[in-house]
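As they're listed, the protein sequences go chains R and S.
Each number in my numbering comes from the position in the first sequence (counting from 1) with 333 added on.
Each number in my numbering comes from the position in the second sequence (counting from 1) with 1 added on.
What the hints contain is simulated information worked out from the structure, not anything from laboratory work.
If you're wondering where the values come from, they're calculated on a predicted model, not measured in any experiment.
Treat each hint with caution, since some may be false.
[Claimed, not checked] Residues from chain S that face chain R, not an exhaustive set, calculated with beta carbons under 7 Å: (1) 69; (2) 70; (3) 97; (4) 101; (5) 104; (6) 105; (7) 108.
[Stated by the list, open to error] Simulated restraints on C-beta separations: (8) 442(R) x 93(S): 53 to 63 Å; (9) 552(R) x 62(S): 35 to 45 Å; (10) 442(R) x 31(S): 47 to 57 Å; (11) 42(S) x 550(R): 43 to 53 Å.
Cβ coordinates follow ideal geometry from the N, Cα and C atoms, glycine included.
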Amino acid sequence: MGETRPLAVLLAYEEEAAIGRTVEELRRELPEAALLVVDDGSSDRTAAAARAAGARVARHPFNLGVAAAEATGLRYALRHGHPAVVRMDGDGQHDPKSARELLGAVERGAELAVGSRFLEREGFQSSAARRAGNALLARIVSSLCGQSVTDPTSGLRAFGGRAIPFFAERFPHDYPEPESLVWAHRAGLCVEEIPVQMRPRLAGRSSLTPWKSGYYMVKVTLALGLELARGRSRA
Amino acid sequence: MTRSSLLVLAFALAFAVAILASARRHRTEERHTLAWLLVCAAIAALAIWRPAIDLLARAMGIYYAPSALFFLSLAAVLWIVFRLSLDVARQKEQLRTLAQEVAILTVEREPAATFEHERESA
Chain R
334 MGETRPLAVL
344 LAYEEEAAIG
354 RTVEELRREL
364 PEAALLVVDD
374 GSSDRTAAAA
384 RAAGARVARH
394 PFNLGVAAAE
404 ATGLRYALRH
414 GHPAVVRMDG
424 DGQHDPKSAR
434 ELLGAVERGA
444 ELAVGSRFLE
454 REGFQSSAAR
464 RAGNALLARI
474 VSSLCGQSVT
484 DPTSGLRAFG
494 GRAIPFFAER
504 FPHDYPEPES
514 LVWAHRAGLC
524 VEEIPVQMRP
534 RLAGRSSLTP
544 WKSGYYMVKV
554 TLALGLELAR
564 GRSRA
Chain S
2 MTRSSLLVLA
12 FALAFAVAIL
22 ASARRHRTEE
32 RHTLAWLLVC
42 AAIAALAIWR
52 PAIDLLARAM
62 GIYYAPSALF
72 FLSLAAVLWI
82 VFRLSLDVAR
92 QKEQLRTLAQ
102 EVAILTVERE
112 PAATFEHERE
122 SA
């Protein structure tokens with residue numbers, strides 16, 4: 334308790350090649366933040382590499398998925414009294430400067446600040462198919478939220494205020510980003526999108542293959558549909 | 002009593018014995034034990050009182066009596082499987098929370114050496 338620094342949470346799964354450099358860069362570029370690496374049960378030397386680079390590491394005893402890893406970071410922040418949390422990926426795709434901008438938004442009162450690649454089309458933009466999928470999701474999420482959302486799958490996001498205990502306790506299954514945006518709106522949290530640039534990953538490869546992406550789209554759409562049904566039954 | 006009745010009765014009895022044996026070793030919960038014993042009793046009852054199936058089928062408006070039996074048993078099995086899947090989901094949730102707690106609690110304790118050791122012995 335008594336911690337006044339924001340907490341940067343790096344999510345890492347099988348990232349031994351990139352996590353060391355990511356940690357070092359973050360310590361250099363974002364010295365005002367405390368740093369926690371959540372190793373989601375990697376079988377390689379991710380945790381050891383992160384510790385060697387000077388990070389604190391919370392290690393899941395087995396793989397729980399990115400949603401749970403994010404919640405672990407928030408639980409840690411809650412327990413130690415960090416007033417703000419920025420979640421980043423361990424593969425180096427997220428720029429520490431963007432993290433600082435998101436933390437700034439939280440300081441100004443946002444409870445969930447999401448880094449969007451599409452507010453200003455700059456930096457690394459991923460493939461056309463994935464952008465099309467993203468555009469579809471963005472329309473669904475925007476209509477559910479009644480607020481424009483341009484990058485619903487962005488994993489670069491900062492939490493503050495009520496959002497920390499809220500998302501420490503509950504998290505959607507599998508890929509959490511679009512659903513959690515809807516949850517945040519339903520809970521009346523103050524959500525804000527901030528333009529950011531992303532970089533190609535330092536090492537390793539994306540876990541999303543075309544097949545998986547298609548399956549992901551179907552599952553997320555179903556989950557969002559369920560969310561709609563819940564809202565109606567509650568009203 | 003016909004041979005088929007005896008066969009089904011023997012099955013129900015064996016099932017009941019298996020349930021009670023598991024219950025004795027605290028491998029089942031009481032409510033489950035009771036539910037399974039009721040299933041055994043229903044099977045035994047149908048084996049002894051054969052016309053029950055026909056009465057049941059007629060009451061359900063089913064012409065071919067065995068169909069009624071298939072329908073009822075399939076519905077029961079589906080219900081049980083569904084309940085089990087709910088249990089599994091709940092336990093997965095609990096396990097996940099537990100794992101998160103473990104991760105947070107070990108942050109301060111520098112468990113690097115332990116984990117490396119574990120990996121070598123694995």
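We went through each hint and held it up to the structure:
no.	hint	verdict
1	69	violated, 35 Å
2	70	violated, 36 Å
3	97	holds, 5 Å
4	101	holds, 5 Å
5	104	holds, 4 Å
6	105	holds, 5 Å
7	108	holds, 5 Å
8	442(R) x 93(S): 53 to 63 Å	violated, 36 Å
9	552(R) x 62(S): 35 to 45 Å	holds, 40 Å
10	442(R) x 31(S): 47 to 57 Å	holds, 53 Å
11	42(S) x 550(R): 43 to 53 Å	holds, 49 Å
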